[in-house]
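> All chains should be modelled from the sequences, with the hints used to inform the complete structure.
Chains as they are written, first to last, in our numbering: chain P, 556 to 949; chain L, 556 to 949; chain Y, 556 to 949; chain Z, 556 to 949.
Treat the hints with caution; some may be incorrect.
Heads up, the list lumps identical chains together, so a pair's fine if it works in one copy or across two of them.
No more than 25 Å apart at the CA atoms, straight line, and that leaves these computed lysine to any residue pairs for SDA-like [said to hold, decoys possible]: (1) Lys811 x Phe893; (2) Lys764 x Gly745; (3) Lys834 x Pro731; (4) Lys859 x Gly735; (5) Lys647 x Asn810; (6) Lys895 x Phe865; (7) Lys576 x Val590; (8) Lys834 x His631; (9) Lys647 x His671; (10) Lys621 x Arg669.
These aren't lab readings, by the way, just hints derived from the structure by calculation.
There are 4 protein chains.
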Amino acid sequence: MEIKNYEQELLSVDPIEYFYKVRNRSIEICKPLQVEDYIPQPVPFISPAKWHLAHTSWFFETFILKPYLQGYCAFHEDFGFLFNSYYNNVGKRLFRANRGNITRPGVVEVYDYRAHVDQGIRQLLLHSTAPAVLNLLELGLQHEQQHQELMLTDIKYTLGHNPTFPVYDPAAQFHPREDGKPGYLSLEEGLYEIGHQGNGFCFDNELGKHKVYLPSFQIANQLVTNGEYLSFMEAGGYSDFNLWLDEGWSWLNENKVEAPLYWHKMEGKWFHYTLAGLKEVDPNTVLTHINYYEASAFAQWAGKRLPTEFEWEVASKHLEWGKRWEWTNSAYLAYPGFEKAPGAVGEYNGKFMVNQMVLRGASSATSEGHSRATYRNFFHAHHRWQFTGLRLAQ
Amino acid sequence: MEIKNYEQELLSVDPIEYFYKVRNRSIEICKPLQVEDYIPQPVPFISPAKWHLAHTSWFFETFILKPYLQGYCAFHEDFGFLFNSYYNNVGKRLFRANRGNITRPGVVEVYDYRAHVDQGIRQLLLHSTAPAVLNLLELGLQHEQQHQELMLTDIKYTLGHNPTFPVYDPAAQFHPREDGKPGYLSLEEGLYEIGHQGNGFCFDNELGKHKVYLPSFQIANQLVTNGEYLSFMEAGGYSDFNLWLDEGWSWLNENKVEAPLYWHKMEGKWFHYTLAGLKEVDPNTVLTHINYYEASAFAQWAGKRLPTEFEWEVASKHLEWGKRWEWTNSAYLAYPGFEKAPGAVGEYNGKFMVNQMVLRGASSATSEGHSRATYRNFFHAHHRWQFTGLRLAQ
Amino acid sequence: MEIKNYEQELLSVDPIEYFYKVRNRSIEICKPLQVEDYIPQPVPFISPAKWHLAHTSWFFETFILKPYLQGYCAFHEDFGFLFNSYYNNVGKRLFRANRGNITRPGVVEVYDYRAHVDQGIRQLLLHSTAPAVLNLLELGLQHEQQHQELMLTDIKYTLGHNPTFPVYDPAAQFHPREDGKPGYLSLEEGLYEIGHQGNGFCFDNELGKHKVYLPSFQIANQLVTNGEYLSFMEAGGYSDFNLWLDEGWSWLNENKVEAPLYWHKMEGKWFHYTLAGLKEVDPNTVLTHINYYEASAFAQWAGKRLPTEFEWEVASKHLEWGKRWEWTNSAYLAYPGFEKAPGAVGEYNGKFMVNQMVLRGASSATSEGHSRATYRNFFHAHHRWQFTGLRLAQ
Amino acid sequence: MEIKNYEQELLSVDPIEYFYKVRNRSIEICKPLQVEDYIPQPVPFISPAKWHLAHTSWFFETFILKPYLQGYCAFHEDFGFLFNSYYNNVGKRLFRANRGNITRPGVVEVYDYRAHVDQGIRQLLLHSTAPAVLNLLELGLQHEQQHQELMLTDIKYTLGHNPTFPVYDPAAQFHPREDGKPGYLSLEEGLYEIGHQGNGFCFDNELGKHKVYLPSFQIANQLVTNGEYLSFMEAGGYSDFNLWLDEGWSWLNENKVEAPLYWHKMEGKWFHYTLAGLKEVDPNTVLTHINYYEASAFAQWAGKRLPTEFEWEVASKHLEWGKRWEWTNSAYLAYPGFEKAPGAVGEYNGKFMVNQMVLRGASSATSEGHSRATYRNFFHAHHRWQFTGLRLAQ
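Dropping the structure here:
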């Protein structure tokens, strides 16, 4: 990954203040939790909150403090093994599916670990604003922000699969409305520039600014709502194989799926688990927790299609976006000229470029300052525990 | 299950005092735990400590308080679903492998639940010493004692699979020695009486006193020690298929087993995880954490065999026993005349009578007063997380 | 395994004639097959007919011809690998579940292999009647007879899972009737002798004649019929968990079982696939293709139990038996004094002595001369593709 | 799928002659087989030769004879169930993994079925050259040609996993050489037209001729050879995780892969199974039987990349191609304006457009007349039993 030079930007704010602001949001997210809630990993693709808190700290310790802070003393020799996620270059790591079985270090010790790392970073920044350090700091904070959204969706998964549906925060607001007048925006055919430009931070997968030719297309000005999706469901969408991709139809049948994740039919009405508890489904709010198969089937049923990630990026300046991650019809692949950075930070994005679909936009759970029109999020087609929705194109 | 009359016995002690004494040991066992340790279920056959604490309380609530304590108010309507183990007669229950994913109720609420149930039992016993109540009380307390040993072995499993090997209790003493002079005890052929007699408590599977004819046999006066087992290992015991049952050989190869559970070879020496932490293996202490396949292979290698459960019971009055659950060469099947009780308590033992082997004796983790020569413990042949060992016969 | 001396017996018949008579029955069984039918292995526990034909020949080649026939030239060097079943002492072998994927050698070549081996045995027997040879010959023929019954049941499995239900032999007669007057036979308590005695052939697991004490018991004079089992089914037997062993209830739910194997409900009537094709279930014929779980549940529903293998053996002289393998309530374990023979033939029986149940009797598919009252057949509790039925006791 | 009008083209040849020519090649492919070889399905993604022969006939019967040939009598009512592959619109079908267990109809009957269908088509074509019929005929023949290549690779899989490595055809020639001078071809940036044009047959996924902008690029004039791949292997390519996609690294480790499919190291030399038998690997022939993960790792190691399918199509007119299917760096997705045909034939391509990668070119096993520069073949990234290779780009 090409580490860009962000030092000017970071120096324009106070790096220490910026660092604490981002780091503290992780702690804010965990405030409503009981100690017990930090532990389980009900399915391999989610991680315990305790693990997120430790792993994001391990990132700063491993990539910044150990190489750059003279005399830094690692908090605990085992944490490298316990809290490495997938960086093969940084040694052995815990088998992913076992994260929920590791009770020690406990939650208090993980907070101590965070404080120890924060203190180290503070000390380093007091004495050094070397570009290499600041660039890695920015990367670490962006990484932390990615995990903040994952923490929210992972917490939701754990609590939402508890038969008692515990409330995370009665005031949680993660379900925006679509109140405007629905319609389609027309864009002309032409050669467009795609990819990140400018001095702000971006990930390596956004680089490689390049031209893409697009035929003329139309894209919806709003996201699909619960009400529209209910029409699809009521029209038998989940039982008409003609609407589904072959793998989607298998997924649906193996898992006996009949509705988005977290939806429960009770006494004839649809409810869904939200971070504010179990609520009746509101037809005017934005549909979420569907996977690519469901997005694709809905579009097929509606006689439309999903936009490509390039169409989305070109249209984005004319759209209101950010209410929800939007499945596109683009596979997650390298841009022309993509190059991985040498070493561990190069494992960040490139090695996942197969069998995943691109999502564009952002959600109500995305950390402030962590969204931009060129951002390429990606998930496997069957996943739906993120705040994922869709926008139609034609 | 025939509910025997224990009321005289219980009345000879103070039932309330007896009840609290047994119940409090469960709490004692959990004293060294952090909140985090109560939660995980790393494999389906173990249960979280929190679940054990709640489930044993649920047993008293369901079988005693709800039917017998007038005006009893259930602590929480969902707990029946969450903390039923396998009693189909008492309604739906949580899928077993999900016990570790349920963070709510939290640990504090589970202790409140225990206190609520204890208070109910106390209130009931102040006013009623009806035989039906006292008999169910005794059953509930025996059930609690069974779970106490499981709690210890389940806690050991969870902590022992943490890469940092946390200490449960530095003073824990679960590994007795065999210091006597090894030898064999000879018993004459003849007709022997097997099964429980007398007025004390026993489970339904011990009833049906009956005659069994035994040829003359010899049985070791001591359990097999770590040192003896090390000789088997060093002689290539784990790589000679002639010593193993066919299913044992498959188990060994699929799991790449080379030593008892919790054993780790480090720098040429064998260590094992104990509740007091990682310790070097002491050749003079009793071997434990082996399964039936390993017990059988060791006996084959030694040119001996395992005793049957009948031989064991007959010889027991001449043996020092109780250091370790002992695999026998008997399958867990009904005694002649075995009958299940009607209803839920009848699900206690009879429905497990296939594909399990009988263990006799007791271990250093068995609750006081919970062992007797007629006790029939049983586990699947591949399990080894209990404190299981063996005694040879010929 | 103690190889007993059968030479006198074999010499009293013509060994060559006896050999060909047994061997030819295997070929008779395959007469109705098309080449295609010899190949598939739809589930790992069944074997293709081609494999049975080759494996039984391999047994004679490996244990008799190679060691005893001077100058014997092995038919093909790869056949040891391809057609060894489970004898670890005789080298590597094909992974069991792959037997159906090996198209070469073809059927014709396997018949050539048989002829080659037969010719070798004939040549050997013309010149040698050494006891060691005759004893291994007898073992090889008994082994062949075991595979003959397996061939029939495996062929039935393959054809019976073809959606077109092909007929094996329109004249096949494998479903005997129970026409007598049902009743129970009473036997006195006492010490009985169990196990094989006399000079005839038996397997090592029947040896160790020993005394067993039995309380008085009653045993049915007839096997359970389809009609009786239909009553159980109509009474909701497959949906009442109180009747089932815990593992049986899991098995039933995971496999959505509602009837014996090969039964199909069509337009309100029960049909079953037989080797003579799809036939309506006859209530007066003997129930078959049930597993131990089903046998146990039926007995529970009837208020009876299964006999132990000892009760069965003692009662057998008063019973008409042989219509069907009968599940007993005995686990397959060693008799007192059981010893394995050294080397490969010692792998025959002993290593399977865990997690299997004993069946006594014989079926309409058992080869002539291959049944006796002391014979201990054994299968896992969930299997039901053999001709298995049950007899009640109380 | 838009059914294009091919009638002119078909009428320019003799449709009956053309039909028999294509159909007969399927029979030619099976000539070297023994009956046994038609049966097994060693892994779910391959199909038995017998199934291919029947399924391609079923296609003509279902989509042409039943709707268009008056008085046509279906060969057998069960064949619709047995030989439907994945067309949900045409009713229930056999579970895919069971194709190898169905012995009846036998091979002879399947050839009778082919003859019956061929006769029907002949009869129809004698009287009708309606465009609808001719277009479906063309589709059916293209479909047959696709299955012809699958038959060859599936036969290779079955024979190549037989421990005796049987020879299919000693004269088989499926491993072309690369004898030219290696180098790179340069192409200018620009807007290019992609997709099928003209009157010839193409599949629906090639339609939607559209413009694509490509930056300038270079593409190799030759395919990667065995010798080049051996260099990668000898340089430790299979053990350096930095070269691999994350899913590729998991695949490699789970399957313990160290070489392309069919490669075996024997006494220090690399051999590979070919349809002509086991042969030493020739460094000058084209590499084959690698999957997308391996292609991607090799390109990474070589400091190059795979071309996109658009680059390939644009460059193809300057390249010699057809020796081997070539993995591209493009995911299999819809072209702009893609539309599925209504009904069953619309299930042909569109429903597979997720989680597969595009391959371009053709192989030595591709049927004559079945290759064109716009052809989009597609397989999952982990598959390597097709004749798959790669070409580098930069």
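> Hint by hint, say whether it matches the structure.
Taking the hints in turn, this is what the structure says about them:
| no. | hint | verdict |
| --- | --- | --- |
| 1 | Lys811 x Phe893 | neither (40 Å within a copy, 30 Å between copies) |
| 2 | Lys764 x Gly745 | both (16 Å within a copy, 16 Å between copies) |
| 3 | Lys834 x Pro731 | within (14 Å within a copy, 57 Å between copies) |
| 4 | Lys859 x Gly735 | within (20 Å within a copy, 49 Å between copies) |
| 5 | Lys647 x Asn810 | between (34 Å within a copy, 20 Å between copies) |
| 6 | Lys895 x Phe865 | both (22 Å within a copy, 23 Å between copies) |
| 7 | Lys576 x Val590 | within (23 Å within a copy, 29 Å between copies) |
| 8 | Lys834 x His631 | between (43 Å within a copy, 21 Å between copies) |
| 9 | Lys647 x His671 | within (23 Å within a copy, 47 Å between copies) |
| 10 | Lys621 x Arg669 | within (15 Å within a copy, 48 Å between copies) |
Hint violations for this structure: number 1 only, all remaining hints satisfied.
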